[in-house]
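Asker: Letter by letter, the chains look like this.
2 protein chains.
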Amino acid sequence: MKIQLWSVGKSHEKYVQEGIQEFTQRLNKYFQASWQIIPPPKNAAGLSEKELKKAEAESILSSLQKEDYLVLLDERGRQLSSPELAAFIQQRANESSKRLIFLIGGAFGVDEAVMKRAQFSLSFSKLVFPHMLVRLMLAEQLYRACTILKNEKYHHS
Amino acid sequence: MKIQLWSVGKSHEKYVQEGIQEFTQRLNKYFQASWQIIPPPKNAAGLSEKELKKAEAESILSSLQKEDYLVLLDERGRQLSSPELAAFIQQRANESSKRLIFLIGGAFGVDEAVMKRAQFSLSFSKLVFPHMLVRLMLAEQLYRACTILKNEKYHHS
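Top line first, the protein sequences correspond to chains A and B.
Going by our numbering, the first sequence opens with residue 18, and the numbers climb by one from there.
Going by our numbering, the second sequence opens with residue 18, and the numbers climb by one from there.
Hints are not guaranteed to be accurate.
The list treats identical chains as interchangeable, and a pair is accepted whether it falls inside one copy or across any two copies.
Stated by the list, open to error - Think about it this way: if two alpha-carbon atoms lie no more than 16 angstroms apart in a straight line, the pair counts; the simulated EDC-like pairs of lysine to aspartate or glutamate are:
#1 67 - 129
#2 143 - 92
#3 19 - 85
#4 143 - 91
Simulated from the structure, these hints should not be mistaken for laboratory data.
Work the whole structure out from these sequences, hints included.
Answerer: Printed below as a string of structure tokens:
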């Protein structure tokens, strides 16, 4: 199974870049892992919130394959503990999912069409964090989940 | 009111340093804000988990003043939304607390004596995050809370 981390928006900001790189590399030892940054549409500034989400949804949905398992990061989703997240990933691997995709939406969230396509909505916190920081939190949690699955020691640098 | 961010352990790791600095500086425009890193005791390697927590508790408690309002970050604590956290900070200022202290405990959590001293246990997530990353998340959330209180636009860099 491949794990992909998708995020709508700009490339990683400097303050999270090193951490994202480090945790994604570590994650990569367990599952082939990569980021896909989905840039906002070129005419974004001229679009309403709704139009922007619709345009982003088109990019997202056209990049998805039918068998992809899509997890949407959403404050209103379900919170899991770290061991529960690990078990969730294991279940997807057991079902022989080919790609497990974690999606961080755009500034205004995601269009309803993307919500409907997602098989799972995952909440990290009741708090709202900036999307850049959520990227770092996600990379770290996926690495942590893998160490839990393999019963390996979490690597502290 | 001053806001202090206390953390048991080593100095900020490189991957979180820039972000912590940036958000603490921004926070500082609203409340005088500073970090206090509480180093583990010198003989830490020779101590049991319990002894280590006891030694850390002594450092923590001896640095506290009687009127300090202590918030302990703890997964098992209460989760607040970002507006609720903002309201919580406002309440402390209204009560004329002199110092509002947010404490991130050590590797094994904190001793019972610190739990008893804390007026509030705050949970960011059901997930376990590394303490270094919690420092960054805390600095960001406190800055965000202040922008909510002042009804100011969150600054995106």
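Asker: Look at each hint and say if it fits the structure.
Answerer: Hints and how they fare:
no. : hint     : verdict
1   : 67 - 129 : within (10 angstroms within a copy, 50 angstroms between copies)
2   : 143 - 92 : both (6 angstroms within a copy, 13 angstroms between copies)
3   : 19 - 85  : within (10 angstroms within a copy, 49 angstroms between copies)
4   : 143 - 91 : both (10 angstroms within a copy, 15 angstroms between copies)
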